[in-house]
Amino acid sequence: MTKRMLEGFKVVDFTHVVAGPHCTKMMAEHGAEVIKIEPLGGELARQLPMHREGRSAYFIQHNVGKKTMALDISTREGQDICHALIKQADVVVENFSPGVMKQHNMDWATLKTINPNLVMCSISCFGQSGPLAHLPGYDWIAQSYAGIIDLLGEPDRSPIFGDFAFGDVSTGAHAYGAIVTALLHRMRDGNGQHIDISLVEVLFSYHELSAQLYDTTGGQMVARRSGAHHGMLAPVGIYKCKDRYLFLLGVNHQWKGLATAMGREDMLNDPRFTDVVAMGQHKDEINAAIEAWLDTLENVDEALALLQKQRVPCAPILSIPEVIAHPHTKERGTVRTVSDPIFGDIHIPRTPLRFSEFPDTPDLQAGTLGQYNHEILRERLGYTEQQIANLEANKIIASKNI
Amino acid sequence: MSPTPMLDGIKVLDFTHIVAGPHCTKMMAEHGAEVIKIEPVTGDPVRGLPFHKDGRSGCFVQHNIGKKNMSMDLNAPEAKKICYELVKQVDVVVENFAPGVMKRLGLDWETLRNINPDLIMCSISCLGQTGPLAHLPGYDFIGQSYAGVLDMNGEPDGSPIFADLTFGDVSTGTHAYAAIVSALFHNLRGGGGQYIDISLLDVLFSYHEMAVEVFDGSQGKMALRRSGRHHPLLSPLGIYACNGRYIFIIANRDQWERLVQLMGRQDMLEDPRFIDIMARGRNRLAVDQAIQTWLDDVDDADEAVRLLQQERVPSAPILSVPEVMNHPHMKARGTIRTVSDPVFGQLKIPNNPLRYSQFPESLDLRAGFLGEYNHEILRDKLGYTDHQIAELEKTGVIAAKNI
Chain U
317 MTKRMLEGFK VVDFTHVVAG PHCTKMMAEH GAEVIKIEPL GGELARQLPM
367 HREGRSAYFI QHNVGKKTMA LDISTREGQD ICHALIKQAD VVVENFSPGV
417 MKQHNMDWAT LKTINPNLVM CSISCFGQSG PLAHLPGYDW IAQSYAGIID
467 LLGEPDRSPI FGDFAFGDVS TGAHAYGAIV TALLHRMRDG NGQHIDISLV
517 EVLFSYHELS AQLYDTTGGQ MVARRSGAHH GMLAPVGIYK CKDRYLFLLG
567 VNHQWKGLAT AMGREDMLND PRFTDVVAMG QHKDEINAAI EAWLDTLENV
617 DEALALLQKQ RVPCAPILSI PEVIAHPHTK ERGTVRTVSD PIFGDIHIPR
667 TPLRFSEFPD TPDLQAGTLG QYNHEILRER LGYTEQQIAN LEANKIIASK
717 NI
Chain D
3 MSPTPMLDGI KVLDFTHIVA GPHCTKMMAE HGAEVIKIEP VTGDPVRGLP
53 FHKDGRSGCF VQHNIGKKNM SMDLNAPEAK KICYELVKQV DVVVENFAPG
103 VMKRLGLDWE TLRNINPDLI MCSISCLGQT GPLAHLPGYD FIGQSYAGVL
153 DMNGEPDGSP IFADLTFGDV STGTHAYAAI VSALFHNLRG GGGQYIDISL
203 LDVLFSYHEM AVEVFDGSQG KMALRRSGRH HPLLSPLGIY ACNGRYIFII
253 ANRDQWERLV QLMGRQDMLE DPRFIDIMAR GRNRLAVDQA IQTWLDDVDD
303 ADEAVRLLQQ ERVPSAPILS VPEVMNHPHM KARGTIRTVS DPVFGQLKIP
353 NNPLRYSQFP ESLDLRAGFL GEYNHEILRD KLGYTDHQIA ELEKTGVIAA
403 KNI
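These protein sequences, in sequence, are chains U and D.
When you line the first sequence up against my numbering, it's residues 317 to 718, in that order.
When you line the second sequence up against my numbering, it's residues 3 to 405, in that order.
Honestly, the hints are just simulated from the structure, not real lab data.
C-beta: ideal position from N, C-alpha, C; glycine also.
Take these hints with a grain of salt, some might be off.
Said to hold, decoys possible - From the structure, some residues in chain D lie toward chain U, with a derived Cβ separation under 10 Å:
{"id": "1", "residue": "PRO7"}
{"id": "2", "residue": "GLY130"}
{"id": "3", "residue": "ILE200"}
{"id": "4", "residue": "ARG228"}
{"id": "5", "residue": "ASN285"}
{"id": "6", "residue": "ARG314"}
{"id": "7", "residue": "ASN354"}
To be verified - Listing some non-contacts, in silico: residues in chain U with all C-beta distances to chain D over 10 Å:
{"id": "8", "residue": "ASP388"}
{"id": "9", "residue": "ASP472"}
{"id": "10", "residue": "ASP512"}
{"id": "11", "residue": "GLY579"}
{"id": "12", "residue": "PRO587"}
{"id": "13", "residue": "ALA608"}
{"id": "14", "residue": "GLU695"}
{"id": "15", "residue": "ASN706"}
Chain U on its own, in the form it takes in the complex (with noise of 0.2 Å):
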């Protein structure tokens, strides 16, 4: 078989919650070994549901494929363990708070000296610098320092946001590309380096367009929420059907097959309907001919279908239970299945990046709380069944079924 990508590289991974463990979970799914070092108490995740037997899916979805250890690092023994480790590891990751690293003798400017080849990767709401780097964060803090909960919402209310934590996983996927890109490095005569990757950056990367329009129309044009429609573009946007809402677009060379798929060819050559400004500024009657339009509908099934046969971009707005469920998630596999010793077998995404070499995910397991640390103590560090009883007598490891 194939050796997968990154087979024979060795993580250390102080991570915790959502967006480190998502990264150090794909460096496991491309065949990195990831020892994970948590708490004696275990890591925050594990405290969110869904529980059973007192272990959590949530934690599983987050880290399978690693190695868990538990260890109080805030004692000597403690470090003296991690020390030993990242001196042999190729990656260090972690996202605490910025200066907790530091507190426990394992920053940047100590790990280079024990191992200078190390790529080392800090994971943090604001980042290691500026003035709000200190603070503590969790993803819609920083989607609300980076300009994007205030575009979810109705113009004149609350604004909103979504049940689900898009910075925390993404922010991962880039700490995983950095990290990629830095053993790419060190592999064609580079050294090791630290990577600092930010929540917020991330999340502000994500304005495709309202930044650059912000500051080419010397302040003019400010992306403001706008509820189920677009704020400048039309159509786009949620529609109700008799049944359930749809997503439809319809500029551009869409325009037209929208316009046929509803019965309004006349539309085509109204000057209100023409190009893209234009439309955008008539959204309010264009909104309305669609409304009419699929009022006159027995269902979504109806509308979707008129829609893509006219190759208009369209999509019931499915749940969650409804995206599992669909014939094209499940023959992709979007939906993987890992066992787990507690919940049997458990259903989580997939991680989306699909070789043609490793079709298949590899067969990973989440641990439970210090797992592994009797195996890595003696079989990497070489310490004695005593030594090992010892750290667990005075509280520096620990373990326990969860």
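Given chain U, put chain D in place with the hints provided.
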């Protein structure tokens, strides 16, 4: 002297348009790869998106800095020949046409791998290269609809809503970048070339950090539903109004203790209804009411955020894009970069969020005009004579324009 960039010497042939594909190849350029972008003679459709100055699109500039632009009619046999010759010389091909288009153009993986067996090819699409929906046209929001993402945005009883930003496109471009570098790495270790299939749908679905496992782990009993400005399960986790502005507050474990102290509501610590973030989620109305009562007594949102941050309670003002661009933190970090452009002069765009200690400076990159590098590449890389190039221009196989 700055060190040689990390992807120096890597050559990319880029058939991408709009955002997802161009973002991927822009990242490659930012890491030092040479990117040759092939546009149709009418230009990448993104050139039609605002803001325009003298026919030049700011949106195009943002997503296409650092690329050498060629413009040609891919339906012409001469253009296909040029592409095949370039494929022989490159390490990577990236495209984001609807599935099937590259095959129709004779540029599919089966054909290209025969021309260059070490090639890495990455296809980016809305719904993937396989499966019953693969053939459909798509954009970011179509991917968000099929991925169960849009369903999560909005008030419980109202329509779902969406934000005017294509995080699906940009972040799918990043996933493609990461996959390509992984494959380059594999190739350097003797693994050979391969084909990569990245879809917006897969990427967006992976963003459900909780909803999928909760639905599955509860055997279908719990499905997260859109819940407006508060999280459906956890509290406090949401958006609160403060004197005409909005702020985001999250408080878990010791953060909750500090929040309660700050609000002068130590009594809540003893109350079993608020014992942990899940219990508080079940008693959200009482939690929200306590927070709102406190906020109503604070002068303004800035003061509230200052007090919360002083106690290390995760909190933020909800900033608009202009406010982000003018924020001292973003300025100190260089979160916004300025690129120079022959038409716009200086243009502000989001900076590359990957920061390396060895490469602290962004490369000084600019976006090309339509077909700007036609002559240089045909002459220097493929040995075409000036006469041959003139002939291609005359027959409409290649084109150039200062836009």
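A quick look at each hint next to the structure:
1. PRO7: 9 Å, holds
2. GLY130: With a minimum Cβ separation of about 5 Å from chain U (threshold 10 Å), the hint on D/GLY130 holds.
3. ILE200: Interface hint status for D/ILE200: holds (6 Å vs cutoff 10 Å).
4. ARG228: Hint on D/ARG228: holds, closest Cβ of chain U at ~7 Å, below 10 Å.
5. ASN285: At 16 Å from the nearest chain U Cβ, D/ASN285 fails the 10 Å test, so the hint is violated.
6. ARG314: Because about 5 Å separates D/ARG314 from the closest Cβ in chain U, which is inside the 10 Å limit, the hint holds.
7. ASN354: 7 Å, holds
8. ASP388: Fine: 18 Å to the nearest Cβ keeps U/ASP388 off the interface.
9. ASP472: Given a closest Cβ separation of 12 Å, the condition holds.
10. ASP512: 4 Å, violated
11. GLY579: Answer for U/GLY579: holds, closest chain D Cβ roughly 21 Å.
12. PRO587: 18 Å, holds
13. ALA608: 17 Å, holds
14. GLU695: 25 Å, holds
15. ASN706: 30 Å, holds
Hints 5 and 10, counting from the list given before, are not met by this structure.
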